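K.L.:
Given next are the chains, with one letter for each unit.
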Amino acid sequence: MSAKTLYDKLWDSHFVKERDDGSALIYIDRHVIHEVTSPQAFEGLRLAGRDLWRVNSVIATPDHNVPTTSAERSAGVAGIKDDVARIQVQTLDDNCADFGVREFKINDQRQGIVHVIGPESGACLPGMTIVCGDSHTSTNGALGALAHGIGTSEVEHVFASQCLVAKKMKNMLVKVDGELGPGVSPKDVVLAIIGKIGTAGGTGYAIEFGGQVFRDMSMEGRMTVCNMAIEGGARVGMVAVDQTTLDYVKGRPYAPTGEQWEMAEAQWRDLHSDADAHFDAVIEIDGASIEPQVSWGTSPEMVLPVSATVPNPSNENDPVKKEGIERALEYMGLNADQAITDIQLDRVFIGSCTNSRIEDMRAAAAVVKGRKKADNVKEAIVVPGSGLVKAQAEEEGLDKIFIEAGLEWREPGCSMCLAMNADKLGAGEHCASTSNRNFEGRQGYGGRTHLVGPEMAAAAAIAGHFIDVRELMQH
Amino acid sequence: MKAFTRLQGLLAPMDRANVDTDLIIPKQFLKSIKRSGFGPNLFDELRYLDEGYPGQDNSQRPINPEFALNQERYQGAQILLARKNFGCGSSREHAPWALDDFGIRCVIAPSFADIFFNNCFKNGLLPVVLPEDVVDSLFQQMYDKEGYSIVVDLEAQKVISPDGSEYGFEVDSFRRHCLLNGLDDIGLTLQHSEDIKKFEQQRRASSPWLFQDL
Ligand code: SF4
Chain A
1 MSAKTLYDKL
11 WDSHFVKERD
21 DGSALIYIDR
31 HVIHEVTSPQ
41 AFEGLRLAGR
51 DLWRVNSVIA
61 TPDHNVPTTS
71 AERSAGVAGI
81 KDDVARIQVQ
91 TLDDNCADFG
101 VREFKINDQR
111 QGIVHVIGPE
121 SGACLPGMTI
131 VCGDSHTSTN
141 GALGALAHGI
151 GTSEVEHVFA
161 SQCLVAKKMK
171 NMLVKVDGEL
181 GPGVSPKDVV
191 LAIIGKIGTA
201 GGTGYAIEFG
211 GQVFRDMSME
221 GRMTVCNMAI
231 EGGARVGMVA
241 VDQTTLDYVK
251 GRPYAPTGEQ
261 WEMAEAQWRD
271 LHSDADAHFD
281 AVIEIDGASI
291 EPQVSWGTSP
301 EMVLPVSATV
311 PNPSNENDPV
321 KKEGIERALE
331 YMGLNADQAI
341 TDIQLDRVFI
351 GSCTNSRIED
361 MRAAAAVVKG
371 RKKADNVKEA
381 IVVPGSGLVK
391 AQAEEEGLDK
401 IFIEAGLEWR
411 EPGCSMCLAM
421 NADKLGAGEH
431 CASTSNRNFE
441 GRQGYGGRTH
451 LVGPEMAAAA
461 AIAGHFIDVR
471 ELMQH
Chain B
1 MKAFTRLQGL
11 LAPMDRANVD
21 TDLIIPKQFL
31 KSIKRSGFGP
41 NLFDELRYLD
51 EGYPGQDNSQ
61 RPINPEFALN
71 QERYQGAQIL
81 LARKNFGCGS
91 SREHAPWALD
101 DFGIRCVIAP
111 SFADIFFNNC
121 FKNGLLPVVL
131 PEDVVDSLFQ
141 QMYDKEGYSI
151 VVDLEAQKVI
161 SPDGSEYGFE
171 VDSFRRHCLL
181 NGLDDIGLTL
191 QHSEDIKKFE
201 QQRRASSPWL
211 FQDL
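As they're listed, the protein sequences go chains A and B.
Number 475 marks the last residue of the first sequence (the numbering used here); no jumps.
Number 214 marks the last residue of the second sequence (the numbering used here); no jumps.
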């Protein structure tokens, strides 16, 4: 038998059959759903008189447009002021009740962002195929799972058949060796990778993140990295299973126990690429060279080390790229050659499925502890990724650290990541955001998003402009 | 998806060219979380004399008596007779959803816009292309005779008018197969149900923890 990559192994173990047109039917183990992309899929089932193929494969939670202030949250679904949001959340409740789907409802402590609650509850496990109607489903790849986003018609397809029609992708290895410097976070690693390969660099590939940096990284850090695979163009990002993975999974509410744990562990230990496996593309980066990153433009690939200056279009020979830089500078209200550290901020957002787990909360709290938010920052909100993250953070007193520093401590949800609820940027406002997309208007019409890690966002809240978090760490 | 084999039904006119999907179902109705319930707002701007918005009680709205689908003689029509380039504009799948919800199973026209044409097949609706002169003559006969109903036979690929005239039409063989058997993408996959079940059983045996209740 020839050597296989991790992706090859996961693909092969879920391959049901080849269809006449050359595509494959792939079996789906776990289907995570939320309020925005599921209603029409349920409706489609009803219209066709179909049922769920396997109800215990589905887990649901509302996240995209739940409000994050405790005032609005206290009354549950009925308290949601926005009509469209309330109807969507209510519809998710109704659909889950009708079809018998397990749902972590709006004020259940286990509620949270889909990609946070999956690994946290143990509903998402190594070796699984995992889908969700949301492109950041790749987060789960950190577990050594094959996970990616799907559209609403595919949601219905998986509901009814437990399968997805798919074509196999190519294999890419992104290898980051060496050791990260102090103050350099997993978010900086993935932003640096995207800066190098570009937003289309991974198109058509399943990316495996390998090398010493990922071996040394925590599970939550690996999730941050896999989360943004899609921003590098790849629908799938993953990390091989090792002891860190097993330690993380063990004891989670839905993780196997006893004899089944032994069986599972034996299978999971094989979830890595064979030594001589073939990759269609290999990218290598020296971990020691990565600095804290800040995105300056309107695409995640428009990212630079915090010590850099904003690009000057006149240094660019390629006319398409040159125009892209000019447009981005104009939208972002920046001048060519301006230092990144000169960018003044109006708002700070710490949250989203990229950076809202407990380690992110701790990292941000460590930076703001005993300091005060700068006056020019109108609002800095910290939005934990789930009710359980929130509870854990409060037990550790992190909420108090944030509040004392002048930041707001919110209820879990997607929040300002996509601005479907009330949390959004005003036109022209600059935001240091730990989310994953800096597209025009993503965080509110005319809003200007700068993607950073949680430490860098926290440091920006204190300084009022971008600053190398390592400077704050020395004092 | 509903199968489409042979349909005998009343014909109703949509007598204008370039009917776009916004006319079929205006954008304010796309906020819905459903894909059914669009029937009352099909051709909203033509059917009613006021401006429509979601959640209204449509039975209280002023009806446009000039509009064909509001007239007594076309009630219960299942086949829509239309003009050139039907279904142009936005790709919204709500357009076939609205036609279907209203009760239309087949649209006959000299030509269709591409995406709409495709979306019809996904939703159990049959778009039939007939030559312009044939469509003209069908319009004439329909206007002349109240209760004018025709047969659309997908198996034989023919439209048959009451006087026995037959008009053949073309349809892609794969799509024809899917419509005749009521197979959408999901239906096609479910043809492999036995394979999926077999796979699932093996998986349950080797990795039982994947199948525990949540
Ligand atoms: S936090 Fe943002 S990116 Fe993540 S699931 Fe929610 S909306 Fe999508």
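These are computed hints drawn from the structure, not numbers from a lab.
A quick note: this is a predicted structure, and the numbers were derived from the prediction, not measured.
One or more hints might be untrue.
[Stated by the list, open to error] Once the Cα atoms are required to be at most 30 Å apart in a straight line, the calculated DSSO-like pairs of lysine-lysine come out as: (1) B:K198 / A:K168; (2) B:K197 / A:K170; (3) B:K198 / A:K105; (4) B:K27 / A:K167; (5) B:K198 / A:K17; (6) B:K197 / A:K81; (7) B:K31 / A:K424.
K.L.:
If a hint holds in the structure, say so; if it does not, say that too.
P.N.:
Here's how the hints hold up against the structure:
no.	hint	verdict
1	B:K198 / A:K168	holds (22 Å)
2	B:K197 / A:K170	holds (28 Å)
3	B:K198 / A:K105	violated (34 Å)
4	B:K27 / A:K167	violated (34 Å)
5	B:K198 / A:K17	holds (11 Å)
6	B:K197 / A:K81	violated (45 Å)
7	B:K31 / A:K424	holds (21 Å)
Violated hints, in rising order: 3, 4, 6; the structure is consistent with all others.
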